[in-house]
Amino acid sequence: MKKNLVLVALLLVPVMGYGELFLEITKGSEDPYKVAMIPFEGNSKVSKQVNNIMRNDLIRTGEFSILDEELLLPVKMIDDELVFSDWKLLGMDYLVTGKIVNENNSLDINYEIYDIHKKRKVRSSKVFGIPNQIRQLAHYTSDGIYESITGIKGIAATRLLYVNEIKDSQLISRYKLMLADSDGANEKILLSSSEPIISPSWSPDGKRVAYVSFETGIAKVFIQEIASGKREAVLSKDTQISSPSWSPDGKYLSLTLYQDGNAEIYILRLRDRTLTRMTNQFAIDTESSWSPRGNKILFTSGRSGSPQIYELDLRKLNPKAKRISFEGTYNAKASYLPNEEGIIFVHRSNDGLFHIALKYKKENFIRVLTEAKMDESPSVAPNGNMVIYGIREENLSMLAGFSLSGAKFKLPASNGEVREPAWSNFLR
Amino acid sequence: MIANHRYLQASLFSFCIHAALFLYIYGTFDSNTSQKLLISQPLQIELRFDLPSPDIKKQTPTAPKAIAAPVEKTSQNIVYSKATDVIQTKQNNALIESSIANLLSEESEIEADRENQEISMYAQKIITTIENAWMKPKNIPKDLVANLRLKIRSSGRIAGAELIKSSGNIRFDNSALQAVRRVETFSFFNSIPKNLYDREFQIIAISFNPS
Numbered sequence: 001m002k003k004n005l006v007l008v009a010l011l012l013v014p015v016m017g018y019g020e021l022f023l024e025i026t027k028g029s030e031d032p033y034k035v036a037m038i039p040f041e042g043n044s045k046v047s048k049q050v051n052n053i054m055r056n057d058l059i060r061t062g063e064f065s066i067l068d069e070e071l072l073l074p075v076k077m078i079d080d081e082l083v084f085s086d087w088k089l090l091g092m093d094y095l096v097t098g099k100i101v102n103e104n105n106s107l108d109i110n111y112e113i114y115d116i117h118k119k120r121k122v123r124s125s126k127v128f129g130i131p132n133q134i135r136q137l138a139h140y141t142s143d144g145i146y147e148s149i150t151g152i153k154g155i156a157a158t159r160l161l162y163v164n165e166i167k168d169s170q171l172i173s174r175y176k177l178m179l180a181d182s183d184g185a186n187e188k189i190l191l192s193s194s195e196p197i198i199s200p201s202w203s204p205d206g207k208r209v210a211y212v213s214f215e216t217g218i219a220k221v222f223i224q225e226i227a228s229g230k231r232e233a234v235l236s237k238d239t240q241i242s243s244p245s246w247s248p249d250g251k252y253l254s255l256t257l258y259q260d261g262n263a264e265i266y267i268l269r270l271r272d273r274t275l276t277r278m279t280n281q282f283a284i285d286t287e288s289s290w291s292p293r294g295n296k297i298l299f300t301s302g303r304s305g306s307p308q309i310y311e312l313d314l315r316k317l318n319p320k321a322k323r324i325s326f327e328g329t330y331n332a333k334a335s336y337l338p339n340e341e342g343i344i345f346v347h348r349s350n351d352g353l354f355h356i357a358l359k360y361k362k363e364n365f366i367r368v369l370t371e372a373k374m375d376e377s378p379s380v381a382p383n384g385n386m387v388i389y390g391i392r393e394e395n396l397s398m399l400a401g402f403s404l405s406g407a408k409f410k411l412p413a414s415n416g417e418v419r420e421p422a423w424s425n426f427l428r
Numbered sequence: 001m002i003a004n005h006r007y008l009q010a011s012l013f014s015f016c017i018h019a020a021l022f023l024y025i026y027g028t029f030d031s032n033t034s035q036k037l038l039i040s041q042p043l044q045i046e047l048r049f050d051l052p053s054p055d056i057k058k059q060t061p062t063a064p065k066a067i068a069a070p071v072e073k074t075s076q077n078i079v080y081s082k083a084t085d086v087i088q089t090k091q092n093n094a095l096i097e098s099s100i101a102n103l104l105s106e107e108s109e110i111e112a113d114r115e116n117q118e119i120s121m122y123a124q125k126i127i128t129t130i131e132n133a134w135m136k137p138k139n140i141p142k143d144l145v146a147n148l149r150l151k152i153r154s155s156g157r158i159a160g161a162e163l164i165k166s167s168g169n170i171r172f173d174n175s176a177l178q179a180v181r182r183v184e185t186f187s188f189f190n191s192i193p194k195n196l197y198d199r200e201f202q203i204i205a206i207s208f209n210p211s
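So the sequences go chain by chain: A and B. Numbering of the first sequence is given in the numbering used here, commencing with residue 1 and proceeding in unit increments. Numbering of the second sequence is given in the numbering used here, commencing with residue 1 and proceeding in unit increments.
Next comes chain A alone, as it looks inside the complex (with noise of 0.2 Å):
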């Protein structure tokens, strides 16, 4: 008897939450994790390119102030200890050291990280490839150095697909579908054109991708296979189809269809291409892009009298159209952040410029991100923490990036004009 009651009482404890103590943490340090990273041992060729690699893959994230390489002190090890103290001193969290072993053609990294305060190492990891995977391999370990630090997936080694634009001397276009490392590196033509390429989208699992091209002299959408080449355009109808995007589960395009006079979203099957009519409006409806879980689109609407992004519920039998843009008269190109706490999109401010704005669905305002005059077509990471978008200087489109933690930056320029940025999903 006594023993029932015992458990009674255990049982009750968790439900009522008896004799828990309730503590509140109010405050937080906004400032990055300051880290500094001795250059990895080895070739020093090849250290100094892995070791620019992954300083430029952490700054960008907007989470770490790396440590000055000149300011760098010798790593003392007592008994195959760290001295910790050293590092204490300068106000470090963290020290990452490496090496890198190349040879029987192979290379491996070899890194670990301590934790100054805990005065002991937290990671100790090793990846591996071969010496032409340099540029891979420095990714992946500066994603392996953001998510000990962080505890969020890294997305040094996802990739980016974009529009090159090139004018030879007769002023001459020629266009190029670019497949290229996140930080704009490591560049591979997938198509060249010299009719426009438009919207590049990625395949969920990052092997296909779908585009818009204008080579048989309408818009069409073709889907490409990264490996092979191999590419087909995914509707035989004779009408103008662009801005494709794709489910989270691969198995629909969401597309623009003119055929009804006017720009409706469509939604097709890839199965069978059975194509499914999700608006049915006057005005112009389009920019679909799929909410993470995939029961949801969002899309640019002219329905109010000016672009605005509105919200369509699939798992409703005839789902009614949302607004969701209520500020100024220019709201368009809008994705989900990744657990659809809030949209990306671009906004037209008061000044009349364009900027990329962020919206979280609890609040009711808007944060406006960039600064400068003419920002489009954002992109959005996939662990949500940074976003690529177009931005125009001195008359030539080029790429631009910012973290939400506060990075912003520019991808090294390629030749002639660059646009229309995407990002793939997570590639591991």
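Simulated from the structure, these hints should not be mistaken for laboratory data. Among these hints, one or two may not hold up.
[Claimed, not checked] Below, a list of computed lysine-lysine pairs in the BS3-like style, where the Cα atoms sit at most 30 Å apart:
#	chain 1	residue 1	chain 2	residue 2
1	B	K138	A	K118
2	A	K34	B	K136
3	A	K45	B	K165
4	B	K142	A	K361
5	B	K138	A	K410
6	A	K362	B	K125
7	A	K27	B	K136
8	B	K138	B	K165
9	B	K151	A	K118
10	A	K153	A	K207
11	B	K136	A	K119
12	A	K316	A	K237
13	A	K373	A	K316
14	B	K142	A	K362
15	A	K153	B	K142
16	A	K27	B	K165
17	A	K153	B	K136
18	B	K125	A	K408
19	A	K119	B	K125
20	A	K121	B	K142
21	B	K165	A	K362
22	A	K121	B	K151
23	A	K121	B	K136
24	A	K126	A	K176
25	A	K408	A	K45
The structure displayed is predicted, hence computed values, not measured ones.
Keeping the supplied structure of chain A fixed, place chain B upon it in accordance with the hints.
Positioned in the frame of chain A, the structure of chain B alone reads:
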């Protein structure tokens, strides 16, 4: 009627025995102590609670000692807090319940006060430790609150952290979990008395609420 007569006899006999016993216990037959029924000398009292703790033992002798100081002969009384406060005295059977009760209540008040103070001191230490480890993300929605439940070993090591209320923002939730991960161990836990740890600090809930 015969039966009733016997009962009366038996009850009379029983009454006599009980009366004698009562008088004996009361001290009527004891010529030495019968005149000293009032408490003529201070008593040193040791309070022993059902869950003896080192702290209580340390504290209790101080107060009564002050009263006892001028008297040579002091007696040690042991009081049990449970059920019917049983009083044992070596020298006499003086009835001192009222004074014991006073002392007891006073003692438990002091004890409770001291304990609350101790709890809030350790709670503050926990808060400061976590606040120092927490990197609050930027550009997050207003009014986010994330609640965690921590399971903490008596060594201070955080054995488990569970998100019991998500803020809805991945980065915010993550920063809270990461702060706890960065703390890993509360170094001051070994100074928390065992009973206090058992009662208050094994499982705690913390709320990250910057607004």
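Each hint tested on the structure:
With a C-alpha separation of about 25 Å, the suggested pairing of K138 (chain B) with K118 (chain A) holds against the 30 Å cut-off. Between K34 (chain A) and K136 (chain B) the alpha-carbon distance is near 14 Å, which keeps this suggested pair within the 30 Å criterion. At most 30 Å may separate the alpha-carbon atoms for a hinted pair to count; K45 (chain A) and K165 (chain B) exceed this at roughly 49 Å. Restraint check for K142 (chain B) and K361 (chain A): the C-alpha separation of about 11 Å stays at or below 30 Å, so the hint holds.
As the CA atoms of K138 (chain B) and K410 (chain A) are separated by approximately 20 Å, the hinted pair is consistent with the 30 Å bound. With a CA separation close to 34 Å, the supplied pair K362 (chain A) and K125 (chain B) exceeds the 30 Å bound. Our distance criterion of 30 Å between C-alpha atoms is met by K27 (chain A) and K136 (chain B), whose separation comes to about 8 Å. Annotation: proposed proximity of K138 (chain B) to K165 (chain B) holds, straight-line Cα distance about 20 Å (limit 30 Å).
Pair hint K151 (chain B) plus K118 (chain A) holds up; C-alpha atoms about 20 Å apart against a cutoff of 30 Å. For the given pair, K153 (chain A) sits about 20 Å from K207 (chain A) by alpha-carbon distance, which is consistent with the 30 Å threshold. Straight-line distance between C-alpha atoms of K136 (chain B) and K119 (chain A) comes to about 23 Å, which keeps the hinted pair within the 30 Å bound. A distance of roughly 28 Å separates the Cα atoms of K316 (chain A) and K237 (chain A); the hinted pair therefore holds under the 30 Å criterion.
Restraint check: the Cα-Cα separation between K373 (chain A) and K316 (chain A) comes to about 39 Å, which exceeds 30 Å; the hinted pair is violated. A hinted pair counts as satisfied when its Cα atoms are at most 30 Å apart, and K142 (chain B) with K362 (chain A) qualifies at roughly 9 Å. At most 30 Å may separate the alpha-carbon atoms for a hinted pair to count; K153 (chain A) and K142 (chain B) meet this at roughly 23 Å. Taking the CA atoms of K27 (chain A) and K165 (chain B), the gap is near 19 Å; set against the 30 Å cutoff, the hint holds.
Between K153 (chain A) and K136 (chain B), the direct Cα distance comes to roughly 17 Å. Compliance with the 30 Å bound is thereby established for this hinted pair. With a C-alpha separation of about 37 Å, the suggested pair K125 (chain B) and K408 (chain A) falls outside the 30 Å cut-off, and the hint is violated. Note on K119 (chain A) and K125 (chain B): the hinted pairing holds, with a Cα-Cα distance of about 20 Å set against a maximum of 30 Å. Of the pairs offered as hints, the one joining K121 (chain A) and K142 (chain B) is violated, with about 35 Å between alpha carbons and a cut-off of 30 Å exceeded.
Using a Cα cut-off of 30 Å, the hinted pair K165 (chain B) and K362 (chain A) holds, with the two alpha carbons roughly 17 Å apart. A hinted pair counts as satisfied when its Cα atoms are at most 30 Å apart, and K121 (chain A) with K151 (chain B) qualifies at roughly 23 Å. For the suggested pair K121 (chain A) and K136 (chain B), the alpha carbons sit about 23 Å apart, so the restraint of at most 30 Å is met. This hinted pair does not check out: K126 (chain A) and K176 (chain A) have alpha carbons roughly 36 Å apart, beyond 30 Å.
A C-alpha spacing of about 28 Å is found between K408 (chain A) and K45 (chain A), which places the hinted pair at or below 30 Å, so the restraint holds.
When each numbered hint is compared with the structure, violations occur for hints 3, 6, 13, 18, 20 and 24.
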